[in-house]
Amino acid sequence: METPRCLIVTEDRFLARLIDLLMDHGEYERRPLSDARDAGLAIDEWAPHLIILDIDIDDGRGIDLIAMWKGRGQRLPIIGVTRRTSIQARLGAFERGIDDLLVVPFPPEELVARSIGVMRRVHSLGVTFIPEISVGPLRIDLLRQRLRADDHELELTPIEKALLYILAANAGETMSRDQLLDYIWGFDRDVGSNLIDRHVADLRAKLGDDRREPRFIQTIPGHGYRFPGMSA
Amino acid sequence: MMSGHDTGASDPDAAGVRSSTHTPQVKVVLLAHELLGGLVALVLRHVDAECRPASSEAEVKGLASWSPDILIADLDKYGKAPEWTRIDGHAIPCLGLTRRRDTMAKLEAFERGATDLIEIPFTPDEIVVRTVAALMRVAARKIAIRSRLPVGRFEMDVEGPGVRLNENLVKLTLLEQTLLYLFLAHPGQTLTREDILTNIWGSQSAVTSNVIDRHIRDLRVKLQEKWQEPRFIATEAGKGYRFLGEGGPPQV
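Chains L and V, in that order, are what the protein sequence lines are. My numbering puts the first residue of the first sequence at 7, with every later residue one more than the last. My numbering puts the first residue of the second sequence at 1049, with every later residue one more than the last.
Watch out, some of these pointers could steer you wrong.
Here are the in silico distance ranges between beta carbons for each label pair [stated by the list, open to error]: (1) L:126 to V:1189: 19 to 29 Å; (2) L:163 to V:1236: 49 to 59 Å; (3) V:1114 to L:67: 54 to 64 Å; (4) V:1188 to L:17: 29 to 39 Å; (5) V:1212 to L:182: 30 to 40 Å; (6) V:1110 to L:156: 55 to 65 Å.
Pairs of lysine to any residue residues, derived as SDA-like cross-links and limited to a Cα-Cα distance of at most 25 Å, are as follows [said to hold, decoys possible]: (7) V:1128 to L:128; (8) L:76 to V:1161; (9) V:1128 to V:1184.
Partial selection, computed: residues in chain V whose CB lies under 8 Å from chain L [to be verified]: (10) 1155; (11) 1189; (12) 1193; (13) 1271; (14) 1272.
It is worth saying that the hints were derived from the structure and are not from the lab. Cβ coordinates follow ideal geometry from the N, Cα and C atoms, glycine included.
Just chain L, with the same shape it has in the complex (with noise of 0.2 Å):
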């Protein structure tokens, strides 16, 4: 069987890194692009079997891409994602035959687990779950919510996870406080600004990393957090 494609299309480049970590755990060919046209051009040429859409592109018009898209005769399934959390966006478009959606910030697991999940609906693909992946030394378990560094295994918490697959998806680049919490998924978001320290805190506790020459959470003074780019 040929391997699943899958096209990302999102103007935030964040988001666009996530997706496609993410898109790891489901062994797809990927390709993550910013323009509406340039993505429409890669539906024709690369005939990919997922899209994820971020709906709010072009200011808020990547909603119509979904009947534009969905028209053109092939299965293709689109997931959408969005940070418009009024009824109406949302509605707005399942109506336009989006098969599914979420808004960011989302689980990474649920993005995992909808995007197979479609997958098999559609196109009755078996598209493979892979539990474990690598984001350079460390070797993050989502099924068992572990991660293995070095040669101990530590247990992770659903933000603590959050965090690290956002940071480790932009490695080598630094997100501000306010940034990496507009791509962690929390019921209780009205916690203060310390949320993403204290989470930080214990997240290089129990990777055994030393503040002050940190391996894999960098602090940037004044800025916010880093991943290092580094290499398995």
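Knowing the structure of chain L, use the given hints to seat chain V on it.
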């Protein structure tokens, strides 16, 4: 799409009084603990839904003559519920609720036939959106949404985390809003912290009973409650909390 058709507080249906001739827009079979079921049932009043409880396949089948539109099930308790959706010769959508965070559990639910999944804890708008979307996708139904729902002295707004009390808009966090729906769905009933945690947040949640206490305290402040003379939320020493005001629909 029909949505946002707000009605005034004088609407007898909205106030929880249903005439005998009333036909609900959506008929829901609910498989869930009473606490969770009551919360879902109240939230689904925003789509003029009537909910009937069931706790087994036989009870779901027993509701066939009522012609339900959708089955909503706590999959952590009723994992096979998505297989019980063939009613009266045709399949109805199944919306699964789960506290489990693991991918395999979600994939299994889809494999069993769940139309969609909602992770617990959820926000009220998520229940509305996913129910309407499931009916749209599977049954090609268009469902009208009433954004504002008068319940007792409150007017709940599912579009935003706020509530109107005596014409004043009180801004709430999503968590406070969910708690208020929960209280309104269970007037006069003592809700223990443990019940709230187990059924609404789940044991894997990072939310602790202290968090519940803190948010209930915040909710009380916003509702201008006095400790000594609570109008809405009373503390039952050593037990939990009890809603004193007028509540929502009959319990499921």
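Hints versus structure:
Restraint check, residue 126 of chain L to residue 1189 of chain V: a C-beta distance of roughly 24 Å satisfies the suggested window 19 to 29 Å. For the pair residue 163 of chain L and residue 1236 of chain V, the supplied restraint of 49 to 59 Å is violated, since their beta-carbon distance comes to about 36 Å. Against the hinted window of 54 to 64 Å, the Cβ-Cβ separation of residue 1114 of chain V and residue 67 of chain L comes to about 43 Å, which falls outside the hint. For residue 1188 of chain V and residue 17 of chain L, the Cβ-Cβ distance of about 33 Å falls inside the hinted range of 29 to 39 Å, so the restraint holds.
Hint check: residue 1212 of chain V to residue 182 of chain L, Cβ distance near 36 Å, so the stated range 30 to 40 Å holds. Between residue 1110 of chain V and residue 156 of chain L the Cβ separation comes to about 57 Å, which falls inside the hinted range of 55 to 65 Å. About 22 Å separates the Cα atoms of residue 1128 of chain V and residue 128 of chain L, which keeps this hinted pair within 25 Å; it holds. Distance hint between residue 76 of chain L and residue 1161 of chain V is fulfilled; the C-alpha atoms sit about 23 Å from each other, no more than 25 Å.
At most 25 Å may separate the alpha-carbon atoms for a hinted pair to count; residue 1128 of chain V and residue 1184 of chain V meet this at roughly 23 Å. Proximity of residue 1155 of chain V to chain L holds as hinted, the smallest CB-CB distance being about 6 Å (cut-off 8 Å). This hint is violated: residue 1189 of chain V has a C-beta 12 Å from the nearest C-beta of chain L, more than the 8 Å allowed. Contact between residue 1193 of chain V and chain L, as hinted, is supported at the beta carbon level, the nearest pair being about 6 Å apart and thus within 8 Å.
Residue-level restraint check for residue 1271 of chain V is violated (minimum Cβ-Cβ distance to chain L is 17 Å; threshold 8 Å). With a least beta-carbon distance of about 19 Å to chain L, the hint placing residue 1272 of chain V at the interface is violated under the 8 Å criterion.
Checked against the numbered hints given earlier, the structure breaks hints 2, 3, 11, 13, 14 and satisfies all the rest.
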